[in-house]
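From first to last, the protein sequence lines stand for chains A, B and C.
Note that the first sequence covers residues -4 to 390 in my numbering.
Note that the second sequence covers residues -4 to 390 in my numbering.
Note that the third sequence covers residues -4 to 390 in my numbering.
Hints in this document: simulated from the structure, not taken from any laboratory.
Careful: at least some of the hints might be erroneous.
The list treats identical chains as one, so a pair stands whether inside a single copy or across any two.
As the list claims (entries may be wrong) - For lysine to aspartate or glutamate, the following EDC-like pairs were computed, each having C-alpha atoms within a straight-line distance of at most 16 Å:
1. K4 to E350
2. K390 to E379
3. K346 to E141
4. K181 to D259
5. K353 to E137
6. K140 to E350
7. K1 to E318
8. K302 to E222
9. K235 to D259
10. K353 to E141
11. K235 to E23
12. K4 to E30
13. K235 to D252
14. K274 to E379
15. K346 to E137
16. K235 to E88
17. K390 to E373
18. K353 to D136
19. K140 to D257
20. K16 to E350
21. K302 to E178
22. K315 to E232
23. K1 to E379
24. K274 to E309
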Amino acid sequence: MSNVEKLIKEIKELESNLSEKDFLLTWEQTPEELEKVLKTAEVLKTLRNENINTNVFNNGLGISLFRDNSTRTRFSYASALNMLGLAQQDLDEGKSQIAHGETVRETANMISFCADAIGIRDDMYLGAGNAYMREVGEALDEGFKEGVLPQRPALVNLQCDIDHPTQSMADLAWLQEHFGSLEELKGKKIAMTWAYSPSYGKPLSVPQGIIGLMTRFGMDVTLAHPEGYDLIPEVVEEAKKNAELSGGSFTQVNTMDEAFKDADIVYPKSWAPYHVMGKRTDLLRANDQAGLKALEQECLAQNANHKDWHCTEEKMKLTKGGEALYMHCLPADITGVSCEEGEVTEGVFEKYRIETYKEASWKPYIIAAMIMNRKYKEPALVLEQLLKEADKRVK
Amino acid sequence: MSNVEKLIKEIKELESNLSEKDFLLTWEQTPEELEKVLKTAEVLKTLRNENINTNVFNNGLGISLFRDNSTRTRFSYASALNMLGLAQQDLDEGKSQIAHGETVRETANMISFCADAIGIRDDMYLGAGNAYMREVGEALDEGFKEGVLPQRPALVNLQCDIDHPTQSMADLAWLQEHFGSLEELKGKKIAMTWAYSPSYGKPLSVPQGIIGLMTRFGMDVTLAHPEGYDLIPEVVEEAKKNAELSGGSFTQVNTMDEAFKDADIVYPKSWAPYHVMGKRTDLLRANDQAGLKALEQECLAQNANHKDWHCTEEKMKLTKGGEALYMHCLPADITGVSCEEGEVTEGVFEKYRIETYKEASWKPYIIAAMIMNRKYKEPALVLEQLLKEADKRVK
Amino acid sequence: MSNVEKLIKEIKELESNLSEKDFLLTWEQTPEELEKVLKTAEVLKTLRNENINTNVFNNGLGISLFRDNSTRTRFSYASALNMLGLAQQDLDEGKSQIAHGETVRETANMISFCADAIGIRDDMYLGAGNAYMREVGEALDEGFKEGVLPQRPALVNLQCDIDHPTQSMADLAWLQEHFGSLEELKGKKIAMTWAYSPSYGKPLSVPQGIIGLMTRFGMDVTLAHPEGYDLIPEVVEEAKKNAELSGGSFTQVNTMDEAFKDADIVYPKSWAPYHVMGKRTDLLRANDQAGLKALEQECLAQNANHKDWHCTEEKMKLTKGGEALYMHCLPADITGVSCEEGEVTEGVFEKYRIETYKEASWKPYIIAAMIMNRKYKEPALVLEQLLKEADKRVK
């Protein structure tokens, strides 16, 4: 039995309620549901690599709504839609009439008559992004129930204020590939640490996503950041609870050195101070440009106190055998390359550059797997059919 | 025989010249042609609801040119293209070289080498939008005749200065669904009335489209608006002529109350004063920003004299049994929701909200039906083939 | 044997290394490789005209990166992707995070996980556009070699600072169609001449592309421009070398009259003075808006000294039998139509207008042929399969 057949068999055996709910936060999904998405992604990646057609839709729209700039998430989402046979259609709020009084409830229905997926990135407003997605989800539920929509589109969280599930799940898929299995991750130490960057307003969703997910699989997760760079307290609580349940651990320390010590994996990345993100949300809402400018200066000054949070060759020596796996969601702020002083030295980044690309390469498959698990109660049966038909993707 | 088979049989029997002309104004089409589009839309909607693949193109582009902001029309058009197998491609005049001296005639050909449909929204300039579409149509005719284009793309009027045929036809399809048949619409009273809105420059094409189309089917159409909010005189003449021919009636009154009296259907909606739209066209052409600002003020002041044109629970009581169907092309200006004072109260809107969504849900199918009827002399044969093959849309 | 079968047989017999390299400059390809692309385009055009489906991809993205405005190249590229079954996805640098420190190397990989083609237009910066494309190509090579990318996307040069190969190849395909064969082009005189235009900053890539390509097929190529409007010296050297090898000729003259004398084909078109393009590159890099404005004035003043470089009926009388074929990449600056004084009179342009549209109509097929030759070692086998299956494009 090939690896794909084995995976499909495993997918069949996993209990899941994913076809009945939107995947908005990883910690709302059971371990079996997370595994089901991972394995679906693995099958899709293998099929594509073997030039087997993965279209499960003959037509249908996949809508995207990006409330923040994006390259890789935009292309990952477009790739995911395309590999399933959906056509991408952007909801550009600037070009639409949304400003003129359309409600979320109404818009959600108006764009969805022929939509099988809606992906949303809404990460700028603390306390608002995830809530917005749930509002859209409820509108879609109503539309479907009332017979307005012939199908309930899958909602994909392409990054919110709380979690970045397509990123953290892609990261997990990469760790699984790199270390051989989820089982192998048990007891491995991952250091999610803040790092200095001369930029401002980076969302908290990546570190939150990482501590929220990696604690589910028995890993030893260590979070480190300078004072004032806290994450949302509820997410930290979630991480603690997860670690306990999964037999791993969750530790908070105050220096990069402590975090890196004996780590198997390091994830040094900048994010904005918590109180700055809160203030920024208020200022964005008030469209207070002067206030935003002043806040940026304050934030950059605060960041500049922590330039020693720098992932250097020396710091890497502290890790397990000096050879921890370096991870990043990209783009990284590379000292001397993309900025004068940043998150990581050119040497460290270059050593792991191809690995970070491979990490990123999982995202399209994770998104496609999320859509399939939302649209099908039994995605395994559809994957089986694709494998059996074995249509070529490219003639 | 299923309902779809019956519809296909009926489509076969309807005389039509739609494959030889663009559907730019409903009153240029015969009653049989209008029915043919309605029935084609109904078949497409049913096939899709039954998960039957409706792709009739293996590839081909559908181009859109939006000269005004749009959400629902944009997505309806994208949905229509997608359900037929075409790929949407936006002609963004900002990103193109059109400003640099390309003529309409040339551009129409340059974008159409692989295009099967071109949808245009051009509703801001009184006297210009529909004329522009005809200019594009003639260029496509020439290109096809001269062997430049291997196919003649279907031109779709996504709203012009005169008519909004995809809207009015979707509205008609909804009325047909709601009341059971076109036959049932005979003698029903529909009140197309102006309503107050704190906005300016809304096109006349929706009310014009409604009085131009609904008078074709023996309905009693009543138009009401305050002084100064006339529609294009030629369209009003058209409505009168239509009513006479179809055995219905066309009446003009001066108050909302008179219009609502015993109505089966009400369609209260704001539009700009006629003379304002004319002046606005001149100012837009001259790019006179100060002039436009002054005109906006004038228009808003004029609107404000008519805040009593408000679709309230009380006004609804005047209608047949107090239970007329409320219609709107959306987004509506809802008092206390999307604006302080608007076209309709929250209570009335909420009562009919799901109905307005269902009304809107017809638009993608109407557009697809228009394209099919332009591209095929016998769309029934193609629909029959789709039904027979019964490929699944979603695996 | 039909014409298509004959062409497919000929494609099989042509030696080519096109599946191993990007088609970035026509003079880097052998004559057999150029013929292979021409014939592939011819087969695709014929298949489409006969309503035979040309999808060779069941899914896959085709990415476009336009660093300059574009209508026809944008739509030609979109058409090419669509006729092969790829979905177009725009990399909009404004909406992306590229400004925030992503390197070319990284971005090239991040957008390509599911990409089969990447088309780039980068013609504004002298010395930079083609170099940028090569940088992208190397990044894609690395990504493919390292296992980051499951496939190596075809890179398409949609116009750079040096060459405009999709334009010049489409022009060649048109000449082949018009005169009957490549063989017939031998000894034909083509006049590539500068013409006056009240615009500034037009790239040099069209005239460079024409003299670089037409000298490959035994044509007598004459280049004419006012003093100061030189092309890149290396390209002129290339043209001289080509002419020698192909048995044609390459001549430079100083007046439009000399160039038009006895010409079989004329290609009068404006471009920017060489030194202006160099200065402009520096100013664009420095984002020196005042400098750019001053340079524009200087350039326009210089242009205005040469208004007599005007393709008139009189000038056309100088050509072979007064009936030379007029060519243009469009849009042309037509005197009295798109500008007060321009490149060509309305009379001359109108006489050849449909011919210029037919010239342009080749571009989608040329681009598709380039992609097919990059993706397949033996495109003939795939074309043969399409012909044999003979699926309908439109039902």
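Hint check:
no.	hint	in the structure
1	K4 to E350	neither (29 Å within a copy, 45 Å between copies)
2	K390 to E379	between (21 Å within a copy, 11 Å between copies)
3	K346 to E141	between (55 Å within a copy, 13 Å between copies)
4	K181 to D259	within (11 Å within a copy, 68 Å between copies)
5	K353 to E137	between (40 Å within a copy, 12 Å between copies)
6	K140 to E350	between (45 Å within a copy, 13 Å between copies)
7	K1 to E318	neither (32 Å within a copy, 60 Å between copies)
8	K302 to E222	within (14 Å within a copy, 56 Å between copies)
9	K235 to D259	neither (20 Å within a copy, 61 Å between copies)
10	K353 to E141	between (43 Å within a copy, 9 Å between copies)
11	K235 to E23	within (15 Å within a copy, 61 Å between copies)
12	K4 to E30	within (13 Å within a copy, 50 Å between copies)
13	K235 to D252	neither (22 Å within a copy, 65 Å between copies)
14	K274 to E379	neither (50 Å within a copy, 61 Å between copies)
15	K346 to E137	between (51 Å within a copy, 15 Å between copies)
16	K235 to E88	neither (38 Å within a copy, 40 Å between copies)
17	K390 to E373	between (29 Å within a copy, 11 Å between copies)
18	K353 to D136	between (36 Å within a copy, 15 Å between copies)
19	K140 to D257	neither (53 Å within a copy, 32 Å between copies)
20	K16 to E350	neither (33 Å within a copy, 26 Å between copies)
21	K302 to E178	neither (36 Å within a copy, 68 Å between copies)
22	K315 to E232	neither (27 Å within a copy, 59 Å between copies)
23	K1 to E379	within (11 Å within a copy, 37 Å between copies)
24	K274 to E309	neither (36 Å within a copy, 46 Å between copies)
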